[in-house]
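Chemist: Take the sequences, apply the hints, and build the full model.
Each chain is listed here by its residues.
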Amino acid sequence: MKFSIWRILDLIVGGIFVYAGAIKALDPVQFANNIDNYKTLPWFISVRLAFYLPWLEMLCGLALIFRFLYRGGLSIVGALTLIFIGATVAAKTRGLDITCGCFGHASQHWNFWQHMAVDLSIFVALAALLSAELMRKAARDSKS
Amino acid sequence: MKLVAVREGLILIALACLPAVGEGFYFRDKISWRSPIPASELVTVDQAKAWADSALWVDARPDDEFAHDHVPGAFSLNEDRWSEQLAQFLPNWSPDKKVVVYCSAESCNAARDVAKRLRDEAQLKDVFVLNGGWEEWVKKNR
Chain A
74 MKFSIWRILD
84 LIVGGIFVYA
94 GAIKALDPVQ
104 FANNIDNYKT
114 LPWFISVRLA
124 FYLPWLEMLC
134 GLALIFRFLY
144 RGGLSIVGAL
154 TLIFIGATVA
164 AKTRGLDITC
174 GCFGHASQHW
184 NFWQHMAVDL
194 SIFVALAALL
204 SAELMRKAAR
214 DSKS
Chain B
24 MKLVAVREGL
34 ILIALACLPA
44 VGEGFYFRDK
54 ISWRSPIPAS
64 ELVTVDQAKA
74 WADSALWVDA
84 RPDDEFAHDH
94 VPGAFSLNED
104 RWSEQLAQFL
114 PNWSPDKKVV
124 VYCSAESCNA
134 ARDVAKRLRD
144 EAQLKDVFVL
154 NGGWEEWVKK
164 NR
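Chains as they are written, first to last, in our numbering: chain A, 74 to 217; chain B, 24 to 165.
One should not assume that every hint holds.
When the alpha-carbon atoms are kept at most 25 angstroms apart in a straight line, the in silico BS3-like pairs for lysine-lysine are as follows [unchecked claim]: (1) B:Lys139 x B:Lys53; (2) B:Lys25 x B:Lys72; (3) B:Lys72 x B:Lys139; (4) B:Lys121 x B:Lys139; (5) B:Lys121 x A:Lys112; (6) B:Lys25 x B:Lys53; (7) B:Lys139 x A:Lys112; (8) A:Lys112 x B:Lys162; (9) A:Lys210 x B:Lys25; (10) B:Lys53 x B:Lys162; (11) A:Lys216 x B:Lys25; (12) B:Lys121 x B:Lys72; (13) B:Lys120 x B:Lys139; (14) B:Lys120 x B:Lys25; (15) B:Lys148 x B:Lys121.
Here are a few chain A residues that face chain B, going by a calculated C-beta distance under 8 angstroms [to be verified]: (16) Ile85; (17) Pro101; (18) Val102; (19) Ala105; (20) Asp109; (21) Tyr111; (22) Thr113; (23) Tyr125; (24) Trp128; (25) Leu129; (26) Cys133; (27) Leu142; (28) Ile149; (29) Ser204.
If you are wondering where the hints come from, they were derived from the structure by calculation, not from laboratory data.
Predicted model only: the values in this text are computed from it and were never measured.
C-beta: ideal position from N, C-alpha, C; glycine also.
Modeler: Structural data, given as structure tokens:
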């Protein structure tokens, strides 16, 4: 039962990242504009990230779903989520009214607090998955 | 655990490069790699002024900034009141007109976004973004 809950959480979080990546990979030009709206990176970096990040998100999402390269995927999406949260807070403090474009058109009209609620929920879920993985490893180590 | 995570993370980072490069190659002619606005969609104040009556000026700044001052004859069209202002603007457009969109300065994105929507949603051709925006206009018209 315990494992099935973690598995469901894997599927949900992995699915979110696959969806978020796919929606951005379909329109990299729009995603480049969304990154540029944060006004933290020069355009030539934003545009390259716009082609790269969606695929990284999708691969990490698939890693969580299929539990293949699982820890790497978990670490990367955790770091990405922290970066998204930091960038959103930084933009807010600089008075930038931005759309993150994290989930395509669905997230375009989200306000700052809605963005934060989604990002923090994902981060908490990732932290829970990481804790579960650490406990599983500890249990395995104690058996061997 | 840490080493495994780093090794697996590096594999994922490397794997993601492959489709990203492929997609970048596919989009190589459809995106501006050096500037958010392709040079062909930018217009200088002098060029736009030379278009005289064939130019339709669109102010993408917020309403209060437009009310304070704007390019003579410009239409206010910002994303806050898009539908309402677009309906007021479109009757003034004709196929022989060039649309020049501006926002506060070179660093703002509103002009780029409004220009994109005019092309994509209103299907207008010859839509340009004013290089340097309102700041540049003021500088050249002091």
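Chemist: Hints first: check each against the structure and report whether it holds.
Modeler: Checked hints:
no. : hint                : result
1   : B:Lys139 x B:Lys53  : 14 angstroms, holds
2   : B:Lys25 x B:Lys72   : 62 angstroms, violated
3   : B:Lys72 x B:Lys139  : 22 angstroms, holds
4   : B:Lys121 x B:Lys139 : 14 angstroms, holds
5   : B:Lys121 x A:Lys112 : 29 angstroms, violated
6   : B:Lys25 x B:Lys53   : 41 angstroms, violated
7   : B:Lys139 x A:Lys112 : 19 angstroms, holds
8   : A:Lys112 x B:Lys162 : 24 angstroms, holds
9   : A:Lys210 x B:Lys25  : 12 angstroms, holds
10  : B:Lys53 x B:Lys162  : 33 angstroms, violated
11  : A:Lys216 x B:Lys25  : 20 angstroms, holds
12  : B:Lys121 x B:Lys72  : 11 angstroms, holds
13  : B:Lys120 x B:Lys139 : 17 angstroms, holds
14  : B:Lys120 x B:Lys25  : 62 angstroms, violated
15  : B:Lys148 x B:Lys121 : 8 angstroms, holds
16  : Ile85               : 20 angstroms, violated
17  : Pro101              : 6 angstroms, holds
18  : Val102              : 5 angstroms, holds
19  : Ala105              : 7 angstroms, holds
20  : Asp109              : 5 angstroms, holds
21  : Tyr111              : 11 angstroms, violated
22  : Thr113              : 12 angstroms, violated
23  : Tyr125              : 4 angstroms, holds
24  : Trp128              : 4 angstroms, holds
25  : Leu129              : 4 angstroms, holds
26  : Cys133              : 6 angstroms, holds
27  : Leu142              : 4 angstroms, holds
28  : Ile149              : 5 angstroms, holds
29  : Ser204              : 12 angstroms, violated
Hint check: violations occur at hints 2, 5, 6, 10, 14, 16, 21, 22 and 29; the rest are consistent with the structure.
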